[in-house]
Structure formats: structure tokens, C-alpha cells
Amino acid sequence: MPKAMGAVKQAVPAEIGGETHVATGSSRTAAKVVAGRKVLPIVEGVVLVAALLAPLVLQDYLTVFATRVIILALFALSFDLVWGYAGIMSFGQALFFGSAGYGVALLARDLDITNIFVVLPAGTLIGLTFALLLGGFLLLGRHPSSVIFVSLGTLTGSYAADRLARGWYYLGGQNGIPSIAPMSLGGYEFSEGPTFYYLVLGILVVVYLLCRFLVRSQFGLALAGLRENEQRIAFFGYKAQHLKAIIFAIGGAIAGLAGSLYAFHEGFVWPNMVGVVVSTQVVLYVLFGGSGTLIGAVIGTVIVEGVSFWLSDNYRDIWPIILGLLLLLVILFRPLGLISFVLGERERVGSFGAKVKENFKEKRNAP
Amino acid sequence: MLLEAAGIKKVFGKLTALDGAALTVGENEFHGLIGPNGSGKSTLMKCIAGAEVPTQGKVSFVNTDITAFTPTERARAGMSLKFQITSVLPTLTLYDNILLALQAQSSLFDLVFSRTRGALHDQVMTMLTQFRLADRAFDAAAALSHGQQQWLEIAMALAGKPKLLLLDEPTGGMSLEERRVTGELLQPIKKHCSLVIVEHDLDFIRDICDRLTVLDQGKVLASGTVSEIQANKSVQEIYLRRA
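Sequence order for the protein chains is A and B. Numbering-wise, the numbering used here puts 59 at position 59 of the first sequence, and it's gapless, one number per residue. Numbering-wise, the numbering used here puts 369 at position 2 of the second sequence, and it's gapless, one number per residue.
None of these hints come from the bench; they were simulated from the model. Model, not experiment: these values are computed from the prediction. Possibly wrong hints are sitting among the right ones.
As the list claims (entries may be wrong) - Lysine-lysine pairs mimicking BS3-like chemistry, simulated, CA-CA at most 27 Å apart:
id, chain 1, residue 1, chain 2, residue 2
1, A, Lys239, B, Lys425
2, B, Lys528, A, Lys239
3, B, Lys586, B, Lys381
Chain B on its own, in the form it takes in the complex (with noise of 0.2 Å):
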């Protein structure tokens, strides 16, 4: 398994976010991570990414404990993520929100000097074309539309050729569109990467990925295929319940 989170509980004061959350992820597989408003969706990806540290329980990736790495030592493991709220740097061209990411390993050395510059250009532009915003490599970020603005945040999270990719809400905001469009853009990356989507849009969820967990007042409900979940009674009852 490429990531293993066991047993995860996070307390906010009197609040239980997760109480013993689990979630499983193979290599080159789409998981989908549903459940309503307040399953604590957020929370296991914060766990995962390492912005928040779990009261108990323990993440492994790539067979490696990774419980109290901090986020820079789970990027350089091949980890990455996309926040829920976009945060591309706005002041910055895209060309160079994109190098800004793809540097992120260079040595102090070589960003002195400047020498991996030459070297990445290829792989920035690669980025944005692949990415749809290439016509737009020298516009600054701030510029571009809600939608564009996360592709372009989606980019930079795949620009270091991670192992692991983790997409919070990323189709937040978008239109129908837009949307269509974002999950275009994920496809290929399967090739090379396993992706954890929190997404409130299930058709969005259940057109990318191959594998759902549910999660339902900080516990796992359900886990398994698409068909699987979706044949699921108690699934179908908290979302009914809910709606």
C-alpha cells in the first residue's frame, strides 16, 4: 500500500474531529474521500498532509512511519497536496508559481547561482500546457479566473512528481464546465500518481475515481468501489438523511 492511515483521532478541545479514522491507498489508484459536512473529511487530509498532528493513530507512506514528519519531510517523501482554499502566490507569474514548486528540492547552491533556471524551463511550460494556461505563462496569478487559479494551484502540486497527490475540494467554486474540464485534466496523471479527492460533488467523484471511503461523525461508514458505495444502504441512508 502507498498510504496507510490507522486508527486516527483528533481532539479539538471537547470536539472529536476523527475518532479512529482509517484510510488505505494503493499505487496509481483514485480514492475518493465523501461523507456530510462535519465527517471530518478535512481533518483526515490535514492528518495525512501533516498541517494537522493526530491525537492518536499512525500514517505510513511508502512503508515508512510518517506520523510526526513535518509537511516539508512528507513533500520530500513524495507527498503533495492542494489546499482547500487556493493559495497559488498571486504577486507571481505562473511561470513562476510553477518554478517556485518545481525548485522546491534544488540545493542552496544551485538557487544561488541559478542553475537549475535553464534546466526547468521545459518541465514549467510542460506544466502549463498540459494544464491549459500556458498562453498565460507571464500574466500574474492574481489575474486569472477562480477556476484557472486552481488548476494552476493542481499544477504546482504535481510539479514535484509526487508519489501522492491531495486534492482538497478542488472543483470548489468552478461551473459545470469548469469542472468537466478539471476532470480531463486529472486523468493522466494515474499514470504516475495516486490522488485523495475531498469533494462535495459526488457525480464529479464517482466519474475520477476508483475507490471510495465514507466517512460519517469522524469514523469510517463504508470503504470500497465506486458500485460498491453506491449500493451501500447505510451510505444511502446518512445522505438521505442529510439532504
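Next up, chain A with everything else stripped away, as it sits in the complex (with noise of 0.2 Å):
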């Protein structure tokens, strides 16, 4: 046990960038996590102006695919809530994603219903029941169900989808569902472009908020405690296994909303936008990134599919070798991704009490 503990207190100033934050007395301490408190928004802000700015600066086409990252920026924020918060190996998002693209695709084809206001809610309400019905299934038993049980169930979902798109003639088979009518609100049509692609900010930008301010709630506080000890907080009686199931359904919803404005933006669905392949993208880019942090989601998604857009222009033959090696590069040497390069493990974890902690101080400094 003692060896244990040695290993905690060594990994955490390791986690830190070799700070001397644990050793440091206690005002010191508290200094450095006023002070770390910044970085936090100011890399926020400057992934905005930058997100903002794109669109003024990139070339048509370039616009067309920062539309798609974005997108897929907003299904990364769902696997991270999902396993960066929550610590749910999900490895089968892709499900929620694409069988909202499915769904919206559907409407679109036999139904004629593009409105923007029924599409993108039908898709988040497709991604939810999905995400409700295999979460109930592999999260909510009577006692608390295995990782590996949880993780090959969400493989196994999101593997046989694809297999029964592939084989579904309604679907389309393996050529999925080809020429999607465009989004419409009344007469108006998005098309690829820079509308779409502030459209699609402004989404993200408004589930951002929303996962922030979940995150950083009591409820938030609850995850970090799920995410680092289940059992510990079922001893304190959480129901811990509903907490599961909920993040898991509300990650269910962005996925599926990211996944219809996926299958509206590049105007076809196929097979793949369910499988293992994107459900394992998604892993890769939080991972990247950074998981537990809102905005390494968004950044290792933007960096991943950067960067294998370059790589794939430059070096059309051995890119995916390149861009592997990158990404275990950074799991191996960077576990808490890109973001750790700035963010320190305490402002990272965040505090939950932090407006009652100003008060506090207020009152101990108050003479």
C-alpha cells in the first residue's frame, strides 16, 4: 500500500511538466492555480477568433473542409464527455453519429423534409434513443458492469450497424445514400460555404457552452469522482451506473447531432459514418488532443485532420504511416495529450467549489 501511495504523489508532479507544484507550501500553491486559472479561457478564446477568422482568410474550398472539422469537432465533444469525463470506454460513437446521418438522410430522401428546425432535432433525438436503448443495456445492471464489457458492447454495436447498412437495400448497401437534398429554412438552401460552415460554429459554439457548463457543475464534480473511483462513490451512494447512462445519452444527442449536420454537409451517408472506422477517429482525436478538457477535444480534431489533410496532399503514399507514428508519439509521451503542453493537471481537473473559494479567501484575508 505505501509503495502505492509513493507512486500517486510521483505521478502527479510528473503529470505537471516537472513543477514543483506538490512540494510548494500551500500559498505558493495557491498562487500557481490562481495564476493557471487563465490558461485555460485564453486558449478558448484564441481557438475561437481563430475558428471566427478562417473563413475571411481560407480559400473556397479549404472553408468547405474546416466546415467538416468543425463537425466533427462537435462529435468529438461527445466521446469526450462520454470518456473523458465520465471514464466510459465508448468505442462505438460512430453508432450515434451515423445512425443519426441515416435517419436525417431518410427524411431527406423518402419524405422530401430538409427544415433546418426538424432535421437537426430529429437527428439529436435519433442519436439520444440510440444512445438511451445500448446505454440502459450495457451501463444500467443492478451492479456496476466491466470496462471491457462496456467497451467491446459499444464495438460490437457500432461494428453490426455497419454491417447492417451494408447489407440493408433501403439503406443503399454499401453505397450508402447518395445526393442528400441541401438543409433548407423556408426557401433558403445551405450549400457548402461559409454560411454552412458559421452555422455550424455557432452550433458548436452553443454546446460548447452547454458541456461547460455541465461539466463544471456539482454534476461535474460527480463524473470526476465516477471517472476516478466508481466504487468509491457508490459507497457514498451515488447511483453511479444512472450518472453512466445519462452522460452517456446526452453524449448519444451531440453525436447525433454532429452526424446529421455531417450527412447535409457532404450530401451522402455511407456504411463507414457507423463503423469502427470513424468510431475509432474519434478516439484518436480526443486522445490527441487531450480528454478531460473541452478544448482539446475541438484542437486534437482540428490538428488530426490537418494534419492528414497535408500529409495525404504531400505525401499521397505513406501518409497514414506518418500520421500513425505521430499519434502514438503523443499517447506515449504526451498520455493527457496536446493541451498538456500548457495546461497543468490542476486546472485541468478544475475546481468545484471555485466561486466559494474566492469568498473563503475574501473572509480569511478580511481582518
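Build the complex: two chains, separate frames, hints provided.
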């Protein structure tokens, strides 16, 4: 037991980039925490400004690419909530992304429904429903389900959906559903380009802020407990399985929203979209950028997609190998993702009594 | 009786860890569970807390049969456990560790909208002050010494105002001074809480417990007040035998 404790103590300074955070006295630590607390909003601000300016400086075809990246970043947020925040190994996140994509594609193809106020909520609902069904089955037992069970269960779900889509004629089989009509609002049609980009960016910002609110609330504290020691918090009286199912469902809903946007942006859906490949891709985005931070998921998506795009242009034959090596390097040397270059462990985890903390300090400093 | 465990049998494969063990604890009673290594103390604790399901036997708590309750249900009924291995959440601050324990029974709505955060502040600080950790409230729990982590964990286990607290080796790995302080920290909780404590340090047990139960090879060897147990011949024998 003492050995294990030592390991924990050593691990912490290592994770915060070798700073002597732990060893310093409490006053210096406090100063660091306060100074450190400003990093995250700065990163978020920089990313937002860059995203707002992107279409002004990018060529048209790159704006289309950037739109796709923003949609995938929204998808990455969903996985980050489930895995990075709640510690649920979901290797089948594409199931919710892709099924929503197929759902809205069918709405457009068979019922001519493309109104944005119908298709986006419908896609979200499809993602939510599938996540409730799968999450209910995998997570809501009387006793906690094992990590292996959940990860294999989600993986199998995604794989099965892929096979189903490939074999089902109604869904277009291997070819999927091509030429989906554009998303519309009244007489206006959203086609690829700056308008679609800003629409998607707006949605990402709103969802991001909602997630931010959630993970910083007392619910977020419960998630942190869930992630670090599920058994412990069950012994406090938390209904740990319920918490997991709830966050899994929220993740599914966000993935569904992203999937419906993706379907309309690309103009077609195909079996890969529900399958293991896309499910794995989202894991990489989040690992690369930094799981357990929302902005890490966004940055990871932008970098992985950006680098793939550039590599595939310049090193047509060997780019997947280069990308694979890059990802391995990051995972080996920066297990907390690229964001950990600028973000300390303490700020990543955050404080949940933050407002209270300031009041407390004022009281202490008062004469 | 607050807690009544009777006829508890627990079999792991070919090993019978508990063979008809029993334990009764009254209100506001500090009850020590002692015995040689491998006598089944920790297993009995786990069966009471819900970490293990007994092969046979019955556990009642506040006149309710809780044998089939999950740990969550037991916690909600007023039972709390401090694990043998410290399991504070190392990356969270001390403050958040306590808040996490305190808000366990808040509704989902309250959690999402952080409606109990303000109201629980005083309770968090009271717990931290009581366990002499207030000045480190906003440090990460990983930065605490081993002894302080044990105190933090006891504070977390007490945060939900349980009727019964199960402590599995609270002074494990502590210095003599830390053990003394732990004893002091535990005394005041007697007003509102009973305690079952598994401990190797017999001096510590003698100082704080009202009654003792001695286990040997999965069975109860003796149960009674501290002086009764001290005078018991067979208890003396097993401790001499193993010493």
C-alpha cells in the first residue's frame, strides 16, 4: 500500500510537466493555481477567434474542409464527455453519429423533409434514443458493468450497425444514400461554404458552452468521482450507473446532432459513418488533443484532420504511416494530449467550489 | 440494535473465510473487530458494507434486512465505509473530495444546476476543520501525507452523517503521533454515530472501543466489553500462540 501511495505522489508532479507544484507550500501553490486558472479561457478564446476568422483567409475549398472539421469537433465533444469526463470506454460512438446521419438522409430522401428545425432535432433525438437503448443495456445493471463489457459492447454495436447498413438495400447497401437534398430554412438552402461554416460553428459554440456548464457543475464533480473511482462514489450513495447512463445519452445526442450536420454537409451517408473506423477516429481526436478538457477535443480534431489533409496532399503513399507514428508519439509522451503542454493537471481537473473559494479567501483575508 | 449480522458464511472457492460469524452493534457504540491475520475481519466488514455478498447469513441494519442491498442502497440507508486502501480522489482538492461525499444524495437537478454548492460550503469547511485539514482545503488530495489522506477519507466517510461508520484499518501506516490524533478525531463522532473498527493496533482499539468482537478462523471466538475480552483465556491464547 505505501508503495502505491508513493506512485501516486510521483505521478502528479510528472503529469504537470515537472513543476514542483506538490512540494511547494500552500501559499505558493495557491498562487500557481490562480495564475494557472487563466490558461484555459485564453486557449478557448484563441481557438474561437481563429475559427471565426478562418473563412476570411481560407480558399473556398478549404472552408468546406474546415466546416467538416468543425462538425467532427462537435462529434469529438460527445466522445470526450463520455470518455474523458465520465470514464466510459465507448468504442462505438459512431453508431450514434452515423445512425442520425442515416435517419436524416432518409427523412430527406423519402419524405422530402430538409427543414433545419426538423432535421437537426430529429438527428439529435435519434442519437439520444440509440444511446439510451445501448447505454441502458450496457450500463444499467444492478451491479456495475466492467470496462471490458462496455467497450466491447459499444464496439460490437457499431460493428453490427456497419454490417447492417452494408447489407440493407433500403439503406443503399455498400453505397449508402447519395445526393441528399440540402438542408433548408424556408426557401433558403444551406450549401457548402461560409454560411454553412458559420452555422456549424455557432452550433459548436452553443453545445460547447452547455457542456462547459455541465462539467463545471456539481454534476461535473460527480463525473470526476465516477472517472477516478466508481466504486468509491457508489459507497457514498451515488447511483453511479444512472450517472453513467445519463452522460452516455447526452453524448449520444450530441453525436446525433453532429451526424445529421455531417450528412447534409457531405450530401451523402455511407456505412463507414456508423462503423468502427469513425468510432476509432474520434478516440484519436480526443487522445491527441487531450481528453478531459473540452477544448482539447476540439484542438485534437483540428490537428488530426489538418495534418491528415496536408500529409495526404504531400506524401500521398505513406501519409497514414506518418500520421500513425505522430499519434503514437503523442500518446506515449503526452498521455494527457497536446493540451497538457500549456495546461496543468490542477487546472484540467478544476475546482468545483470555485466561487465559494474566492469568498472563503476574502473572509480569511478580512481583518 | 443498529446492526445485526448473524450466521455470516463466506466461501471463496475452497477457502472458507467466514464460517458463521456474527456481529451486533448498538447505537453510539464503538465496536472493535480484532483477530489474527486471516481470521476474516476484513471479509466480515466487506459483507456488512456490501462490497462482498455473503454465501449465507443475514445482515440487518436499523431493523431492515439489507443482505441483498447494493453499496449505494446501504449508503443511502445510513451506512458508510472507509476502505482499507486509501481511496481519496487524488487529483481533486480536499474541498472537492468532501463536497463530493456531501452531495451524494442531492437530486440530479440540484447537481446539474449546482443548487446545493453554496449551502454545503459551511459543512465542507466544518468537516475539514474538524479533521485539521482546513488550511489545505484547496490543495490536491495527492499532496497530503499518508496520515492526512486517512483523515480526509474518514472525513469523507462521515460527511453524509451516517448512523454507522465502518473503518478498515484507519491507522495503517501512521506514526504514533498520528494514531493518537486519529483517536482524538474519532471521539466526538460518538454523539451521533456508531463505529465498527478493524485494527491491528490493540492499544488503539482498547483506548477508543466500548466493545470488542474477536474472530478466529472465520468464527467468533469471544465478544464483550474491553475488560471482559482482556480477561478471556482463549483470546489470550490465540494472541500468545501467534505472537
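Structure-based check of all given hints:
As the CA atoms of lysine 239/A and lysine 425/B are separated by approximately 24 Å, the hinted pair is consistent with the 27 Å bound. Between the alpha carbons of lysine 528/B and lysine 239/A the distance comes to roughly 18 Å, so the proposed pair stays at or under 27 Å and holds. Between the alpha carbons of lysine 586/B and lysine 381/B the distance comes to roughly 17 Å, so the proposed pair stays at or under 27 Å and holds.
In terms of the numbered hints stated before, the structure departs from none.
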